[in-house]
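Engineer: Please take these sequences and the hints and turn them into a complete structure.
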Amino acid sequence: MSDTKWKNEAKGFSEHVHLGNFSLDENRNYCDDHRNRKFFVDPGLWPKFDLLPGHSEYVDRNRGDDDDGVDVKSLDVLLRWMRDHQDDLQRRKILEIQADGSKRLALDFVTRRGALHDLFKSAHLNDRTEYLVTFFKGTYYLEQLELPGRHDNPNDPDGTQVYSGKKFAQYCTSGECARLVAYPAEDRAGENGAKPDTTQPINDNLSYEAVMAARCGDFKLMFAVEVHAESKDNREIPSTYRGLHHLNYVNIRTTRDFNALTELQQSKAFFRKKLFQFWSQNHIAGIPRVILGWRDDERHVITRAETYKTEDIPSFPLCSWKPGKYYAAIQTLLTEITRLVTNDDDPGYVNNFVCLTVCLVYDLSICFVVHHLVLERVESAPYPELAAKLCNRTFKIKRHADGHHRIVTDWFIKDVLNIK
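First residue of the sequence shown: 53, per this note's numbering; consecutive thereafter.
Worth flagging that the hints you see were computed from the coordinates, not collected in a lab.
Here the structure is a predicted model, which means the values were calculated and not measured.
Watch out, some of these pointers could steer you wrong.
[Said to hold, decoys possible] Computed list of lysine-lysine pairs in DSSO-like fashion (alpha-carbon distance at most 27 Å, straight line):
{"#": "1", "residue 1": "K125", "residue 2": "K325"}
{"#": "2", "residue 1": "K361", "residue 2": "K247"}
{"#": "3", "residue 1": "K325", "residue 2": "K377"}
{"#": "4", "residue 1": "K173", "residue 2": "K320"}
{"#": "5", "residue 1": "K326", "residue 2": "K361"}
{"#": "6", "residue 1": "K361", "residue 2": "K63"}
Structural biologist: Have a look at this one:
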């Protein structure tokens, strides 16, 4: 996606390369296969999907909370994929062999899309976010933390809104590849017979992930991102274009339907928050389209469906935000991490970054030192003033003892980096 519309501003995410895929099973365990791969089936413009069937059987995602209610968005599954695909990484010159036989990553950061997204939106939303980071052999391994209550929604006490999004995605996907044609709700099957199976209970622990490489300014990144669906089978793409397979991906979302003429606050929130979220998530991952289902939350149905091109969203008249501000914000924060975290060659060195509290953990053989980086929430203010404060936030450092968490594990150092 081109950034020429915003020339003379900081450049955003670019040079996306699709590296591979893996699945996560019902226990969120890594599987080096495509078992959870889904293909997009066009819902049509006016689908009228019933969003309640199967709600009682829905299995919500296991967040893996510890005793403190903190969920570590671990890099373990991505590191396992790297272990299993070293030849691919060497062929793309991402994993380089050194003179002494050891290997190093030609990357600045290894992380997940969610961690990058929280950094990206730090200039837009006054949220608290946390990260863990280890700096080893020239690469920063960045994990995300989620604090208790992050996914709580007081407007959705029974979880029907969350489930509605998952159910809409089920209506729009199939485990088999279908031609991109819109079908009536009663017979939505592709020419090869592929159609959605909406009778299966939804287990949100199951997911299909893509491994991407990209640039953000001067930084080279690798990250994992969850894939909702793709529009055609990979076998239809010439082998020379396999690095662009992400251009087939679609992001499937829902939002509450509203009357733009009478519900002005809802309309404003949609353009300022919802569309920003859809655009920013897709821009980071290089996904070109969003499929949006509009919900009637009283009748629990999808009333209509629309497709948005990611690159077009910032140009919508009511989208008052400008991409360049967020490009600059994430590059500033990534640069600050590289400035603050300078200890290398110790895989136990962990940094915990919190948007209200960001921590760093330093692991020596006999002790642990935690550097606590703080990115303070700013005081409420009228939006123009608040926006300026958000853009100027920087990490502050505190210290305390900790050190129970490892990011770069012994097996990764031995099996991938070939350091004995």
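Engineer: Now tell me if each hint is right for this structure.
Structural biologist: Consistency of the hints with the structure:
1. For the suggested pair K125 and K325, the alpha carbons sit about 23 Å apart, so the restraint of at most 27 Å is met.
2. A C-alpha spacing of about 24 Å is found between K361 and K247, which places the hinted pair at or below 27 Å, so the restraint holds.
3. Distance check on the hinted pair: K325 and K377 sit about 15 Å apart at the alpha-carbon level, within 27 Å; holds.
4. The suggested pairing of K173 with K320 holds, with an alpha-carbon distance near 18 Å, which does not exceed 27 Å.
5. For the given pair, K326 sits about 14 Å from K361 by alpha-carbon distance, which is consistent with the 27 Å threshold.
6. Among the hinted pairs, K361 with K63 is consistent with the structure: their alpha-carbon atoms are about 19 Å apart, no more than 27 Å.
No hint from the list above goes unmet by this structure.
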